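Peer 1: Those protein sequence lines, which keep their order, are chains A and B. Take 1 as the starting number for the first sequence in the numbering used here and just add one per residue. Take 1 as the starting number for the second sequence in the numbering used here and just add one per residue.
Just so you know, the hints here were simulated from the structure itself, not pulled from any lab data. Please note that the accuracy of each hint is not assured.
As the list claims (entries may be wrong) - From chain A, some residues computed to sit far from chain B (all C-beta separations above 12 Å): (1) N24; (2) Q38; (3) K57; (4) P75.
Unchecked claim - Restricting the straight-line Cα-Cα distance to at most 16 Å, the calculated cross-link-like pairs of lysine to aspartate or glutamate (EDC-like) are: (5) K73/A / E54/A; (6) K94/A / E96/B; (7) K94/A / E24/B.
Owing to the predicted nature of the structure, the values given are computational and were not obtained by experimental measurement. Note that CB positions come from ideal geometry on N, CA and C, so glycine has one too.
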Amino acid sequence: AQRVTQPEKLLSVFKGAPVELKCNYSYSGSPELFWYVQYSRQRLQLLLRHISRESIKGFTADLNKGETSFHLKKPFAQEEDSAMYYCALMNTDKLIFGTGTRLQVFP
Amino acid sequence: DTEVTQTPKHLVMGMTNKKSLKCEQHMGHRAMYWYKQKAKKPPELMFVYSYEKLSINESVPSRFSPECPNSSLLNLHLHALQPEDSALYLCASSPEPYGTGVSRRAFFGQGTRLTVV
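Model the full structure from these sequences, guided by the hints.
Peer 2: Given below as structure tokens:
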């Protein structure tokens with residue numbers, strides 16, 4: 001079965017600290033993976049997708065097929081990064097979300 | 001226009017009411033989705049429309065009835081809902097369905113917050 005696991009419900013860091021939000025997946029084929037972010041009172045929006053290997057707002061994520069992981073990283077967290085982050089996997093027409101990690105960045 | 005627009009933003013309905021949620025996109029996307037999101041939970045897929053045809057129904061109760069009148073519009077008709085159906089209902093769209101080789105990133109609307117009393 002396809003599944004996305006985000007083991008941390010809450011991650012709290014101070015401004016300027018490195019951040020890593022963990023995501024592991026189970027999928028039998030070649031996965032298409034995404035990170036979505038939901039800022040307070042804003043719509044869910046795409047942050048990153050693995051196929052484009054881009055860096056958005058300083059965040060990067062590398063697909064590790066051996067470890068079936070797609071962790072989200074940022075070297076120096078900012079207060080405005082505080083939000084809910086969802087890792088997601090695209091399977092046929094379904095976008096399957098993990099349970100989410102709330103990132104709190106303290107000043 | 002690069003947004004998915006949902007109306008209404010808020011809806012309160014009784015268990016005997018019939019109401020509809022509306023979703024609109026003018027980006028030429030050919031796949032549209034309904035998701036349900038309960039508080040502090042991830043979005044859960046309900047329905048997928050590909051090229052205006054229902055392609056996925058995630059065993060959603062029949063009191064929820066989707067409709068895709070054209071490629072820009074997606075409706076969700078509600079009838080005889082229960083209080084536990086109260087949630088944020090999200091609409092999303094993507095350029096193409098799976099398998100076409102085209103980017104499948106999903107654009108989400110802001111949602112309709114539904115309260116069933």
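Peer 1: All hints, please: hold or fail.
Peer 2: Hint by hint, here is what the structure shows:
no. : hint          : result
1   : N24           : 15 Å, holds
2   : Q38           : 9 Å, violated
3   : K57           : 16 Å, holds
4   : P75           : 25 Å, holds
5   : K73/A / E54/A : 12 Å, holds
6   : K94/A / E96/B : 12 Å, holds
7   : K94/A / E24/B : 20 Å, violated
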